[in-house]
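A.B. asks: As a plain string of letters, each chain reads:
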Amino acid sequence: MLTIQNLSVEYYRGKQTVPAVCDVSLTVGDGEAVGLVGETGSGKSTVALAIMRLIRPSEGRISAGHILFGGQDLLALPDPLMRNLRGRRIAMIFQDPFTALNPVMRIREQMAEVLTAEPERDPEPQRMRYTPGEALSLVQLDPSRILDAYPHQLSGGQRQRVLIATAILRGPELLLADEPTTALDVLVQKEILDLLFRLQKELKAGMLFISHNLALVAQYTQRVAVMKAGAIVETGVAAELFRHAEHPYTQMLLAAVPRWRVP
Amino acid sequence: MEAQHLAKSFAIEGGLLKRTLGYVHAVQDVSFSIAPGETMAIVGGSGCGKTTIAKMVASLLSPNQGRLLWEGVPLTTLSRVERARHIQMIFQDPFASLNPKLSVGVQLGEALRIATGVVDVRKRAAELLESVGIEPDALVHYPFQFSGGQRQRIAIARALAPGPALLIADEPLSALDVSVQAQILDLFTRLKKSLGLTILFITHDLVVASLQADRVIVLQDGRIVEEGPADETLRHPQHLYTRALLDAVPSVPV
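Those protein sequences? They're chains A and B, same order as listed. Each number in my numbering comes from the position in the first sequence (counting from 1) with 6 added on. Each number in my numbering comes from the position in the second sequence (counting from 1) with 557 added on.
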């Protein structure tokens with residue numbers, strides 16, 4: 007469904023350019039969950055931003071490659087058509103639920119914006135859509151309490167659930183989750199990820215799950231790509247990577263996860 | 558260091574006149590003691606009161622009830638400078654805890670003014686940086702020039718400057734990559750050995766806590782629900798909440 011071919015992205019720094027992503031190729035099949043792992047600065051978030059075409063023209067550019075989604079190259083798509091896709095067929099869940107929500111808008115209004123942003127011309131047939139209330143119920147929040155609340159009245163976990171509810175409003179075919187739980191504690195993290203991946207299966211959506219924690223990614227995805235300094239150094243089935251990681255970088259990431267034996 | 562029946566509640570204010578509508582009981586009747594050279598971990602989810610305890614131990618908050626003893630003497634009878642010499646704290650976010658407008662050298666220098674018996678401030682600052690694995694030429698640089706892991710090391714160096722016996726580490730890893738977390742944990746282990754530090758380690762990750770600490774306290778809703786040797790707690794968690802915390806930690810199958 008999603009095929010990234012030889013993607014390269016560079017950012018501007020003064021008069022120079024700094025490569026952030028170099029020659030990355032990656033596929034996400036229909037309904038498949040793929041993990042993208044790497045340290046801060048490895049370029050994994052840039053890949054997600056490139057898919058959404060959200061790299062600011064003033065900050066950088068996609069210098070090479072293709073991103074094929076549903077048979078069309080996203081990088082060649084005119085802006086209005088790309089806008090139709092965003093939030094509707096491809097939805098992104100950001101890292102920090104504290105900044106991803108507008109602090110001066112009620113949840114009801116923020117979620118409604120996604121639904122009212124009608125495309126200029128819509129070649130796609132109308133896909134499934136939820137009302138904000140339905141979507142909130144799906145993420146196990148009580149709509150009567152949440153809809154009229156402001157973000158600051160919600161806990162971190164509740165905010166992340168609101169972001170997930172907003173992402174699934176249009177029944178997207180592809181979900182991009184960029185470190186969706188790093189701001190949360192382990193208990194809430196597990197709840198949120200269990201929920202997110204259950205919804206992904208129910209929607210039969212593809213998923214690109216980005217994280218710096220290899221153990222976490224392996225728990226939820228079938229296939230994992232490991233990224234270092236802008237390039238993918240190893241790809242494999244999650245369980246296999248644990249048994250014999252080939253690249254020294256993958257081995258290092260694995261060694262960093264605290265090990266303990268269950269009695 | 559001993560804590561006896563600590564309790565802290567915060568008022569919920571509301572309305573036009575900021576009347577008190579009720580109280581949040583963040584910490585309720587918590588007692589513990591830490592022996593010299595020991596590492597103790599306080600573990601629990603968000604909002605369980607672990608940071609409130611850390612702040613009370615660091616004298617950044619005063620308890621509503623109970624008292625804190627330092628070598629048998631109430632902490633409140635010590636002066637601010639004395640307390641700062643004994644107890645130092647490092648925080649979750651190294652991007653926020655260092656002053657962005659002061660060079661590393663100036664920040665270490667300020668912390669060293671509390672210390673006793675420092676002759677050559679510059680030399681001592683360089684030594685501190687070296688002890689946390691940062692090159693001494695970092696002294697003239699500013700926090701934004703460092704990565705998250707390096708900043709946390711610098712924050713640790715600054716906390717060590719007054720020569721504290723007790724170091725409180727409040728979620729020192731949660732803003733860092735897993736790979737960097739492992740390096741910082743190694744650093745703690747090394748510092749503990751070389752300086753004989755006593756460490757109060759606050760975390761939501763029970764596995765990290767158990768690997769790092771000698772003893773573990775599990776906190777839920779401001780109360781201690783389980784307490785014991787780290788190894789024992791990890792192998793045979795008694796309380797349901799402890800088990801839930803353990804299950805939630807992503808781990809590599811061994």
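Any given hint might turn out to be false.
Mimicking DMTMM-like on lysine to aspartate or glutamate, the simulated pairs with C-alpha atoms at most 20 Å apart in a straight line are [unchecked claim]:
no. : chain 1 : residue 1 : chain 2 : residue 2
1   : B       : Lys-750   : B       : Asp-771
2   : A       : Lys-196   : B       : Asp-804
3   : A       : Lys-196   : B       : Glu-728
4   : B       : Lys-612   : B       : Asp-586
5   : B       : Lys-749   : B       : Asp-788
6   : B       : Lys-612   : B       : Glu-728
Ranges between beta-carbon positions, derived for each pair [what the hints assert, rightly or not]:
no. : chain 1 : residue 1 : chain 2 : residue 2 : range
7   : B       : Arg-780   : A       : Met-258   : 37 to 45 Å
8   : A       : Lys-21    : B       : Asp-788   : 37 to 45 Å
9   : B       : Gly-753   : A       : Pro-25    : 40 to 48 Å
10  : A       : Met-7     : B       : Phe-652   : 31 to 39 Å
11  : A       : Glu-115   : B       : Gly-579   : 27 to 35 Å
12  : A       : Val-243   : B       : His-796   : 32 to 40 Å
13  : B       : Phe-652   : A       : Gln-11    : 32 to 40 Å
14  : A       : Gln-228   : B       : Gly-579   : 46 to 54 Å
15  : B       : Ile-569   : A       : Thr-46    : 31 to 39 Å
16  : A       : Glu-140   : B       : Arg-780   : 25 to 33 Å
17  : A       : Gln-22    : B       : Arg-576   : 54 to 62 Å
18  : A       : Met-258   : B       : Phe-567   : 36 to 44 Å
The following residues of chain A were derived to be distant from chain B, with all beta-carbon distances above 10 Å [unchecked claim]:
no. : residue
19  : Val-24
20  : Ser-51
21  : Arg-67
22  : Ala-70
23  : Asp-85
24  : Leu-87
25  : Arg-89
26  : Met-111
27  : Tyr-136
28  : Ser-161
29  : Gly-162
30  : Gly-163
31  : Phe-203
32  : Gln-225
Calculated from the structure, these hints are not laboratory results. A virtual CB, placed ideally from N, CA and C, is assigned to each residue, including glycine.
A.B. asks: Decide, hint by hint, whether the structure agrees.
C.D. replies: To see whether the hints hold, each was checked on the structure:
no. : hint                                 : in the structure
1   : Lys-750(B) to Asp-771(B)             : 13 Å, holds
2   : Lys-196(A) to Asp-804(B)             : 9 Å, holds
3   : Lys-196(A) to Glu-728(B)             : 18 Å, holds
4   : Lys-612(B) to Asp-586(B)             : 16 Å, holds
5   : Lys-749(B) to Asp-788(B)             : 18 Å, holds
6   : Lys-612(B) to Glu-728(B)             : 13 Å, holds
7   : Arg-780(B) to Met-258(A): 37 to 45 Å : 40 Å, holds
8   : Lys-21(A) to Asp-788(B): 37 to 45 Å  : 57 Å, violated
9   : Gly-753(B) to Pro-25(A): 40 to 48 Å  : 47 Å, holds
10  : Met-7(A) to Phe-652(B): 31 to 39 Å   : 37 Å, holds
11  : Glu-115(A) to Gly-579(B): 27 to 35 Å : 29 Å, holds
12  : Val-243(A) to His-796(B): 32 to 40 Å : 36 Å, holds
13  : Phe-652(B) to Gln-11(A): 32 to 40 Å  : 36 Å, holds
14  : Gln-228(A) to Gly-579(B): 46 to 54 Å : 48 Å, holds
15  : Ile-569(B) to Thr-46(A): 31 to 39 Å  : 37 Å, holds
16  : Glu-140(A) to Arg-780(B): 25 to 33 Å : 38 Å, violated
17  : Gln-22(A) to Arg-576(B): 54 to 62 Å  : 58 Å, holds
18  : Met-258(A) to Phe-567(B): 36 to 44 Å : 43 Å, holds
19  : Val-24                               : 16 Å, holds
20  : Ser-51                               : 13 Å, holds
21  : Arg-67                               : 25 Å, holds
22  : Ala-70                               : 28 Å, holds
23  : Asp-85                               : 34 Å, holds
24  : Leu-87                               : 37 Å, holds
25  : Arg-89                               : 33 Å, holds
26  : Met-111                              : 21 Å, holds
27  : Tyr-136                              : 28 Å, holds
28  : Ser-161                              : 7 Å, violated
29  : Gly-162                              : 7 Å, violated
30  : Gly-163                              : 8 Å, violated
31  : Phe-203                              : 13 Å, holds
32  : Gln-225                              : 5 Å, violated
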